[in-house]
Amino acid sequence: MANITRSPWLLHYDGSSCNGCDIEVLACLTPVYDAERLGVMNTGDPMQADILLVTGGINSQNQDTVKQLYDQMPRPKVVVAVGVCACTGGVFKDCYNILGGADTTIPVDVYVPGCAARPQAIMDGIIKAVGIFQQRSNEYKAQVKEKKKAAKKGAQN
Amino acid sequence: MSKWILVICYILLAPFIGGLLEGIDRKISAKMQRRVGPPLLQPFYDVIKLFNKETINVATAQTFLILTYFILMVLTGVMFWAGSDMLMCFFILSTAATFLYFAAVVTSSPYSSIGAQRELIQMMAYEPAVLLTCVGFYLAAGSFNVGDIAQTSVSYLVYLPGCFVAFVFILTIKMRKSPFDTSTSHHMHQELVKGLTTEMGSKNLALFQVTEWYENVFLLGVIGLFVVNTNPISILAAVLVILAVYFLEILIDNSSARMKWQDMLKITWILTFFSAGVNLVVLMIMK
Ligand code: SF4
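In order, the protein sequences belong to chains A and B. Residues in the first sequence are numbered consecutively from 1, following the working numbering. Residues in the second sequence are numbered consecutively from 1, following the working numbering.
Wrong hints could be hidden among the right ones.
Lysine-lysine pairs mimicking DSS-like chemistry, simulated, CA-CA at most 30 Å apart [what the hints assert, rightly or not]:
(1) B:Lys31 <-> B:Lys260
(2) A:Lys147 <-> B:Lys31
(3) A:Lys93 <-> A:Lys67
(4) A:Lys147 <-> A:Lys93
(5) B:Lys27 <-> B:Lys177
(6) A:Lys67 <-> B:Lys203
(7) A:Lys149 <-> B:Lys203
(8) A:Lys141 <-> B:Lys203
(9) B:Lys27 <-> A:Lys128
(10) B:Lys203 <-> A:Lys153
(11) A:Lys152 <-> B:Lys203
(12) B:Lys203 <-> A:Lys148
(13) B:Lys203 <-> A:Lys145
(14) A:Lys128 <-> B:Lys203
(15) A:Lys145 <-> A:Lys128
(16) A:Lys128 <-> B:Lys31
Just so you know, these hints were derived from the structure itself, not from any lab. For clarity, every value in this text was computed on a predicted model and none was experimentally measured.
Kindly produce the complete structure, drawing on both the sequences and the hints.
As structure tokens, this is what we get:
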């Protein structure tokens with residue numbers, strides 16, 4: 001029961017996407033694909049999110065927002081880039097305001113290709129992300145333990 | 001002696017019963033929407049995950065306030081199952097809710113502040129029905145003590161049908177079910193980005209969730225009090241009534257759209273007046 005991968009909560013951020021990918025992300029939550037059967041919930045709150053789904057490329061105006069959202073998420077956390085726009089900049093790559101994919105601003109763990117990315121592909125990406133989430137969680141736990149140990153040692157000295 | 005067994009059972013089992021009920025709720029809701037739905041134990045997975053996340057506190061006082069909310073809520077249930085004063089139980093419940101209000105406003109986030117204000121309005125909406133129900137029990141049983149109230153040969157549903165209707169109605173507000181989930185919604189990404197709980201993350205949110213389970217079990221216990229009498233079979237009947245009420249709440253939740261708080265206040269007060277109020281007047285004339 002202590003398996004934390006069974007409850008990944010998503011935060012969906014729409015960068016400069018054409019909305020095609022956003023509609024596909026929402027399609028994952030409809031009864032046809034029903035992402036909730038995997039425990040997925042779509043939260044609007046970075047404080048409660050585990051996985052950040054970014055659609056669309058990063059431009060000079062939303063860069064700070066994306067960075068802030070990422071920073072506000074408590075660890076362990078995973079980032080999924082959905083659609084070619086979020087992976088590389090896609091069709092908007094050469095626009096004057098586009099900096100590129102989501103990885104220009106935050107570390108991306110899973111790239112979901114497609115224009116628009118299909119719901120099946122997005123679900124696949126989320127399942128991949130959940131695996132990484134478990135790994136991160138283990139790392140985080142080890143870090144916390146080490147910190148506690150160090151603090152204890154510090155107190156003894 | 002037996003009452004302390006009940007109290008210990010409540011403290012130990014309430015989170016499991018509450019969580020399981022929520023799991024059933026989510027499963028049935030999913031079926032109503034023709035989905036597969038999450039596993040039955042999903043609420044437990046969620047809470048365990050939240051306990052394992054990094055703590056980011058917007059305001060340090062929040063943890064203390066949520067913890068007080070939790071302790072007061074458990075105390076409410078303990079007093080109820082120990083068979084003590086029913087009025088006192090509901091007073092402590094209101095105090096607990098006030099701490100929740102403070103936990104939300106202390107962060108000064110606009111979303112959670114608006115959610116907190118709506119929580120107060122919700123309290124205003126359901127409080128009359130709660131008080132009238134307590135008075136109803138007093139008129140019928142001659143005591144506010146839950147222990148004395150439970151010692152009856154005839155179920156109170158016979159004397160207090162109006163109060164029962166009013167209490168089930170306000171249960172929709174207490175359980176944060178649509179159409180009355182204005183302060184925070186169970187379904188994320190909806191009203192006010194979760195309103196009341198916007199600024200609660202990881203452990204605080206998990207504690208809030210567990211407290212809700214304690215509260216639900218307590219409230220369903222009050223529903224059971226309408227049914228139980230000295231006949232042991234009545235306990236089975238009470239469980240059946242509780243499950244039926246819970247199903248009704250799920251049905252209402254899935255078939256209604258969210259209301260404005262003004263409408264909520266009006267409808268709740270009118271219904272409380274006409275069902276619980278009239279019920280009490282009739283009871284007073286008859287006795
Ligand atoms: S990948 Fe295609 S569908 Fe998705 S946001 Fe970019 S242009 Fe739109």
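Here is how each hint holds up against the structure:
| no. | hint | verdict |
| --- | --- | --- |
| 1 | B:Lys31 <-> B:Lys260 | holds (27 Å) |
| 2 | A:Lys147 <-> B:Lys31 | violated (46 Å) |
| 3 | A:Lys93 <-> A:Lys67 | holds (20 Å) |
| 4 | A:Lys147 <-> A:Lys93 | violated (43 Å) |
| 5 | B:Lys27 <-> B:Lys177 | holds (15 Å) |
| 6 | A:Lys67 <-> B:Lys203 | holds (24 Å) |
| 7 | A:Lys149 <-> B:Lys203 | holds (22 Å) |
| 8 | A:Lys141 <-> B:Lys203 | holds (15 Å) |
| 9 | B:Lys27 <-> A:Lys128 | holds (25 Å) |
| 10 | B:Lys203 <-> A:Lys153 | holds (26 Å) |
| 11 | A:Lys152 <-> B:Lys203 | holds (23 Å) |
| 12 | B:Lys203 <-> A:Lys148 | holds (18 Å) |
| 13 | B:Lys203 <-> A:Lys145 | holds (17 Å) |
| 14 | A:Lys128 <-> B:Lys203 | holds (26 Å) |
| 15 | A:Lys145 <-> A:Lys128 | holds (26 Å) |
| 16 | A:Lys128 <-> B:Lys31 | holds (27 Å) |
In summary, the structure is inconsistent with hints 2 and 4 from the numbered list given earlier, while agreeing with the others.
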